[in-house]
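Colleague: Protein chains in written order, with this note's numbering: chain S, 1 to 101; chain G, 1 to 683; chain Y, 1 to 500; chain X, 1 to 176.
One or more hints might be untrue.
[Unchecked claim] Cβ-Cβ distance ranges computed for the label pairs, FRET-style:
id, chain 1, residue 1, chain 2, residue 2, range
1, Y, D55, G, V17, 42 to 50 Å
2, G, R41, Y, D55, 43 to 51 Å
3, Y, P275, G, R630, 23 to 31 Å
4, G, V37, Y, L71, 18 to 26 Å
5, Y, D55, G, R44, 46 to 54 Å
6, Y, G354, G, D608, 39 to 47 Å
7, G, L616, Y, L358, 19 to 27 Å
8, G, R41, Y, G407, 56 to 64 Å
9, G, R637, S, G90, 49 to 57 Å
10, X, V155, G, V672, 26 to 34 Å
Read the hints as simulated data drawn from the structure, not as lab findings.
No residue lacks a Cβ here, since even glycine has one placed at the ideal position from N, Cα and C.
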Amino acid sequence: MIHPVLPMLLVGILFGVGLYGVLARRNAVLVLIGVELMLAAAGLLFVTVGSLTADPLRAGQSMTVFIITIAAAEIAVALAVILAVFRARGNIDVSQRGSDD
Amino acid sequence: MPSASRLDTQSLALDLVLQPSHLVVLLPAAVSVLILVLTRRSARGAFVIAAIGGLLGLLAAAALLAQQARGGAVADPRTIGELKVGPALAVPLRLQVDRLMVLVAVAVALVSLVVQVFARWYLYSDPRYRQFAATVGLFTAAMQLVVLSGDVLLILVGWELMGWCSYLLIGHESERAKARRASYKAFLVTRIADAPFAIGLAVLALGARSTSIPQIVQHWQSAAADHGTALTAALLCVICAVAGKSAQVPFQDWLPDAMEGPTPASALIHAATMVAAGTVVLAKLVALLELSGTARVVLTIVASVSMVGAAVLAFCQHDLKRLLAWSTVSQVGLMLLGLAVLPVREPADLGISHLLSHAMFKALLFLLIGWLSVLVGGTIVERQSGALSKHLAVRWLVGIGLLALAGVPPLVGFVSKDLIVDEAARRGVDGDVSARIAFVALVCVVALTAAYTTRMWLILVHRTGRQRVVVREAVEDSYDIRDVGIVEMLAGSPQVDVHGRPLRRDEPMPPVVDDDDDGPLPEPQPGAGARTGLQLLAILSIVGGALIFSPMLEVDWENANLWLIGASLVLMAAVALLVRLMSIGTVYGDAAARLPLPLRSSASRGFDVDAGYVGLVARPVVALARGVARLEGGLDRGVQALPALVTRVAGAGFRLHTRRPTSGLVAVALGVVLVGLMGVIWW
Amino acid sequence: MVAALLAAPLAPIVAGLALVAGDRVPRAVSRHTAYAVSLAATLISLLAAALIAYDRPSLNRPWVPEVGMRLHLAVDGISVPLLLMTAAVGVLVVIHARHEQPGGGTPGTFFGCLLLVIGGGIATFLVQDAISFFLAFEVVLVPMWVLINRFGDPKDASERARAAATFVLYTVLGSTLMLVGILTMVFASGTADLATLARHPLPAGQQTVVAAILLIGLAIKVPIWPLHSWLPRAHTIAPTAGSMLLAAVLLKMGTYGIVRLVIAPLPAGVERLAPYVATCAVIGIVWGGLVCLVERSLKRLIAWSSVAHMGFVVLGLMSGTAIGLQAALFANIAHGVVSALLFAVVGGLKHRWGGDDLSVARRALRDVSPRLSLALVIGLAASLGLPGLAGFWGEVLAIFGAWNPGGDRSTGWFRLLAAVAAVGAVLAAAYALRVLRIVWMGDADGGRPLPPSPESDARGGELVVVTVLGAATVVLGVLPIILLNTTSGAVDHLMAVVGR
Amino acid sequence: MTTYDVLFTLAGAISTGAAVLAVSTKHLVHSALWLVVALASLSGCYLVLGAEFVALVQLLVYVGAIVVLVLFALMLTRAPIGRSRDHDTPLPQRAAALVVGAATAALLSAVLISAFGNDAITVRGGSTHVLASQIFGTWVWPFELLSALLLIALVAALALSRMPIGRRDDSEADAR
């Protein structure tokens with residue numbers, strides 16, 4: 001028997017911290033870390049709901065698995081882009097004015 | 001309205017479309033229109049139209065008088081028809097013919113005719129004679145409209161039109177800066193006094209739901225009990241306008257300045273018409289005046305103060321025309337007192353009788369002064385001194401005029417003034433406070449009037465043993481005259497005698513033998529018509545008093561207070577003697593020369609009331625106007641700056657958006673959160 | 001005579017468009033042909049207007065059903081005088097434009113713009129449908145802008161551009177507000193026809209809001225006090241013909257709009273807003289009067305005087321009584337005639353003097369050009385409210401009307417406004433006489449009156465214009481029943497509808 | 001407070017602390033390492049909730065692969081090892097970000113908590129067997145699509161890395 005307050009609270013906190021990470025960081029990779037946290041929070045929400053309610057299709061847990069897979073694909077492409085940007089511009093500072101390269 | 005004109009011989013009732021009362025108003029107006037339209041340049045043509053029009057106007061007035069005497073006149077003839085302004089107010093715009101007003105109409109027509117004829121001679125060489133004649137015509141029409149009007153709006157029309165014509169007449173010689181200023185001041189002062197007039201008439205008319213005077217009088221008589229304050233307020237507004245037009249105390253300073261206009265104009269304005277219009281309006285509303293005590297007290301005070309003040313000023317004037325002007329202010333105050341001291345339910349006979357007599361002798365005096373100013377080239381004491389001793393033709397006319405003005409029996413001046421004094425005494429005896437004030441003021445005025453009339457007579461007949469300096473410049477009254485105000489002359493301009501040597505102040509002007517007078521120059525004489533007009537006025541001034549015996553004026557002259565008459569005559573004789581003593585030994589026979597110089601110089605400027613007007617009203621208003629103009633400039637600049645402001649805000653918005661991606665992201669995230677919050681709240 | 005209904009507005013508009021288009025043809029339209037065409041067009045529209053006034057036909061056909069807009073042309077007691085005045089002033093303006101042709105553009109465009117403004121004015125007074133009223137209202141804007149911007153005072157172009165820009169900005173703001181008001185009213189009551197709009201009004205709360213929007217929009221056009229600063233600026237720069245049209249047509253459309261769009265359909269709204277609008281109007285009277293006392297440019301002074309006069313009209317409109325409404329309609333027409341006369345005279349003077357600065361010493365107009373000076377005297381006397389001329393009746397009846405306001409307006413406040421308006425009329429006398437003293441009497445000190453110089457006096461077209469307008473001012477002053485009787489029927493009907 | 005609560009609170013606290021540190025630490029690499037701790041403790045939470053398979057997958061894929069990839073990326077972009085201040089946005093922006101983050105957290109948790117109420121609910125984790133049959137039963141199409149997605153991601157990453165961005169700079173250099 002678990003009080004749903006706890007997981008829900010954790011989801012909210014993780015998402016908020018992830019969002020802070022995205023907004024407060026200048027380095028692109030750290031921004032990605034923020035994004036990862038937000039995705040994790042989403043996954044947790046899915047699992048929590050899946051396990052706390054009758055879920056014959058196991059939708060919650062399978063959705064979390066899918067999220068993790070997509071996160072993997074997304075991080076791969078993101079890091080490739082970051083490296084390309086790094087090679088092109090020499091730095092991966094997100095807050096720089098978008099010069100017209 | 002049956003158009004067939006049947007003349008009912010018994011009552012002379014004409015049920016023609018055009019009643020004599022219409023003619024009395026329309027003929028002078030036709031004169032002015034015809035003059036403007038027909039005569040291009042010729043002054044003669046203008047005079048012919050003016051004379052004929054004036055004569056017909058007089059005949060129409062006489063016909064109206066006859067009709068009224070026979071009781072056949074139409075009481076309220078229609079004019080341009082009723083104005084449809086909705087159910088709340090009926091505007092019949094009808095005239096009103098009653099015995100008093102018919103008499104006034106005849107007097108106005110007569111004086112106007114005499115003035116037109118006199119002006120022809122007086123302004124013979126004036127290129128603007130046509131405009132003068134036309135304006136006098138319009139002026140007479142406006143006055144007749146006020147006299148015969150039975151509708152509050154028609155009174156307002158005639159009232160303002162007269163103000164405009166006086167503006168044109170005073171500003172006739174607009175080349176002179178003084179004339180321009182005098183005309184501007186005259187119209188503005190009367191117009192300011194007229195502002196409450198419209199409000200007062202609005203209160204009266206809207207109360208009675210009609211603008212016809214009989215209905216207003218009837219309504220307010222019955223409603224006076226519960227609407228007392230409204231009635232008093234309305235009457236105070238009307239009294240304010242009357243004070244403006246009749247140059248009473250707060251607004252009196254425009255009248256002496258109006259002497260800048262040509263003398264026939266002054267005769268018309270100040271003798272018969274404009275200043276008397278106030279009395280006519282109050283005579284129409286006299287039934288209401290009697291109902292409101294406060295209004296009567298205010299009127300009494302205003303009339304008394306201006307009467308006595310003007311008489312004092314008249315005595316000290318250095319210019320005889322201004323003396324007559326101040327005398328007019330005083331006499332009009334007398335007329336208004338004639339109305340103020342009336343017992344309840346009494347018609348306005350006293351005031352109107354004095355109006356008629358005043359019209360006669362004051363018009364006579366003004367025209368004579370005009371004649372004399374042409375003879376001696378000016379109206380200031382230095383020039384007029386001894387004028388009558390040289391020109392005997394004018395002598396007895398001026399004599400009659402001055403006697404009538406002083407109120408010496410049996411002339412008309414005495415009759416009308418004494419009636420008012422009797423009435424004031426009788427009302428004063430049975431306890432009416434305002435009548436007591438009036439009586440005291442009347443006694444002073446009787447004395448002072450005698451004083452300044454004697455003074456004027458002594459100046460005019462002054463004959464010195466030695467020859468006199470006669471500056472002979474026979475010229476019209478005001479063009480080339482160096483009309484030197486007393487201030488410049490006495491206060492400081494260097495006195496130069498004939499040979500150019502500077503004159504010391506104390507030593508009198510050396511007499512110069514009048515040796516270059518090669519035979520008598522033909523003294524300029526007004527035409528035969530003008531002279532007959534003057535003689536007619538003189539005769540009327542003498543026998544006019546008989547009018548009170550006729551049925552037209554209901555005045556109880558039987559039980560006049562003989563003691564009072566005797567006392568006032570003795571008083572007048574004593575004052576005359578005193579003035580005669582004061583005038584002995586003066587250079588020009590001017591009794592006022594005994595008075596201290598500062599008093600006389602300030603009196604010639606009307607105790608500096610003009611500076612008061614400028615200081616109290618003109619300067620603050622102009623300052624306010626400049627302030628408003630600056631405010632408007634600010635508003636304008638603000639409006640111009642608006643577009644620039646908008647573009648600046650737009651620029652700032654644009655920059656905010658494109659500054660740095662991360663800050664943009666924060667803004668976006670905040671937006672999303674806010675939207676979420678709103679969704680949650682309202683869901 | 002339904003054809004007359006169409007001919008009156010269409011003749012000037014079609015001719016105007018033809019003239020403006022004609023300029024684009026390689027050989028520009030010559031002055032004479034432009035004058036001839038425009039004179040013919042305005043005469044046709046005057047004739048048609050007279051016919052309409054005589055037997056008052058009506059044309060009612062659906063135009064744009066989706067929006068509920070109908071081509072509904074008809075006239076009643078209120079719009080007939082305005083229609084006749086616009087058509088008559090149109091003819092006079094065209095005659096005057098020939099006499100005084102400003103540079104800065106081809107004659108074809110000049111006459112074309114004049115015709116478009118006249119046509120727009122006539123259409124506005126004919127139309128009985130709210131949305132087409134807005135259309136006609138807007139037809140006037142662009143040609144007026146061209147008149148001010150291209151044909152304005154040749155001396156400084158920047159001032160011209162700024163004046164024209166201010167004029168357009170103000171008018172467009174006003175029009176958009178008016179459109180918003182009209183659309184809310186139309187969609188709330190389902191019909192765009194003015195008559196039916198008047199018969200079943202909206203709920204009181206909504207009425208006040210819509211009335212406020214419409215009044216602000218129309219207040220810019222009238223103009224009422226705080227929104228007036230475009231008028232003096234536009235008048236100073238506009239050519240004489242433009243100024244005459246601006247004063248005699250555009251301002252009337254504002255007040256006519258107030259009567260048709262606000263007073264008739266939204267009585268409860270007007271009753272609640274009346275004290276505020278009346279206060280602004282009376283402030284306008286005093287404000288205009290005061291500025292005129294110190295204004296140095298003669299034409300600007302006349303513009304300010306029309307701000308003051310329109311204050312009386314609005315005071316009459318807002319008093320909510322039959323007297324007030326009759327006074328407003330009379331003062332409206334009177335102001336149209338008087339200000340057209342004054343602008344014709346002042347425009348002529350500015351044309352002769354090459355500038356209208358009052359502080360410059362000039363010979364007394366009284367002697368130099370007697371006919372022009374007589375017109376100036378009549379114009380200024382009428383503007384100071386001299387009886388016997390058109391200005392008097394409007395002002396006095398407005399004060400009478402404001403003294404006992406209708407409905408539950410606060411009587412004390414309106415009586416105070418009436419008193420202040422009476423004082424404002426004194427200010428009118430002060431500035432009118434100031435102008436007369438400076439211009440008419442001149443500033444000679446002593447000496448004989450000057451000989452008249454006929455060549456600088458009014459002649460030809462200008463004389464015709466000035467004479468007709470002067471005569472109209474006198475006739476309206478002496479016989480006010482001509483106008484009051486025509487409008488009284490429509491006003492009683494309106495008050496019955498409003499007072500229900 | 002049931003045992004589940006206690007355990008879950010423990011794991012949640014660790015993951016929250018680690019997440020906060022991962023986000024706010026000045027050391028770049030520490031941030032990635034703290035991310036490892038956060039995600040690991042999250043898989044603990046999954047275990048408490050009875051989703052063993054998901055926990056394991058989380059531990060394997062997320063912690064093992066993704067975070068390692070992030071570490072590689074940090075190395076390749078020559079992230080400074082010690083404390084470095086330049087990768088944080090200026091204070092006002094961080095403050096704004098904090099506000100936004102806190103607001104989002106509060107909003108989200110408020111909504112979710114209100115959605116689920118506070119009374120304890122039995123955890124029905126269920127066996128991996130059922131999960132497996134469902135993934136390959138009802139969710140088989142998304143599963144196949146995901147594999148295609150992974151392939152595409154791989155190819156994209158490869159293409160990106162081989163794009164001549166660097167040489168383009170050299171060509172630009174020659175062109176000038």
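Colleague: Run every hint past the structure and note whether it holds.
Modeller: Each hint, compared with the structure:
1. For the pair D55/Y and V17/G, the supplied restraint of 42 to 50 Å is violated, since their beta-carbon distance comes to about 30 Å.
2. Checked against the given bound of 43 to 51 Å, the beta carbons of R41/G and D55/Y, roughly 47 Å apart, stay inside it.
3. Between P275/Y and R630/G the Cβ separation comes to about 28 Å, which falls inside the hinted range of 23 to 31 Å.
4. Distance hint check: the CB atoms of V37/G and L71/Y are about 48 Å apart, inconsistent with the given range 18 to 26 Å.
5. The given range of 46 to 54 Å is respected by D55/Y and R44/G, whose C-beta atoms sit roughly 51 Å from each other.
6. Judged by the Cβ atoms, the range 39 to 47 Å given for G354/Y and D608/G holds: they are separated by roughly 43 Å.
7. Between L616/G and L358/Y the beta carbons are some 26 Å apart, a value that agrees with the proposed interval 19 to 27 Å.
8. The supplied range of 56 to 64 Å is met by R41/G and G407/Y, whose beta-carbon atoms lie about 59 Å from each other.
9. Our hint of 49 to 57 Å for R637/G and G90/S holds, since their Cβ atoms are close to 53 Å apart.
10. Between V155/X and V672/G, the C-beta spacing of about 33 Å keeps the proposed range 26 to 34 Å intact.
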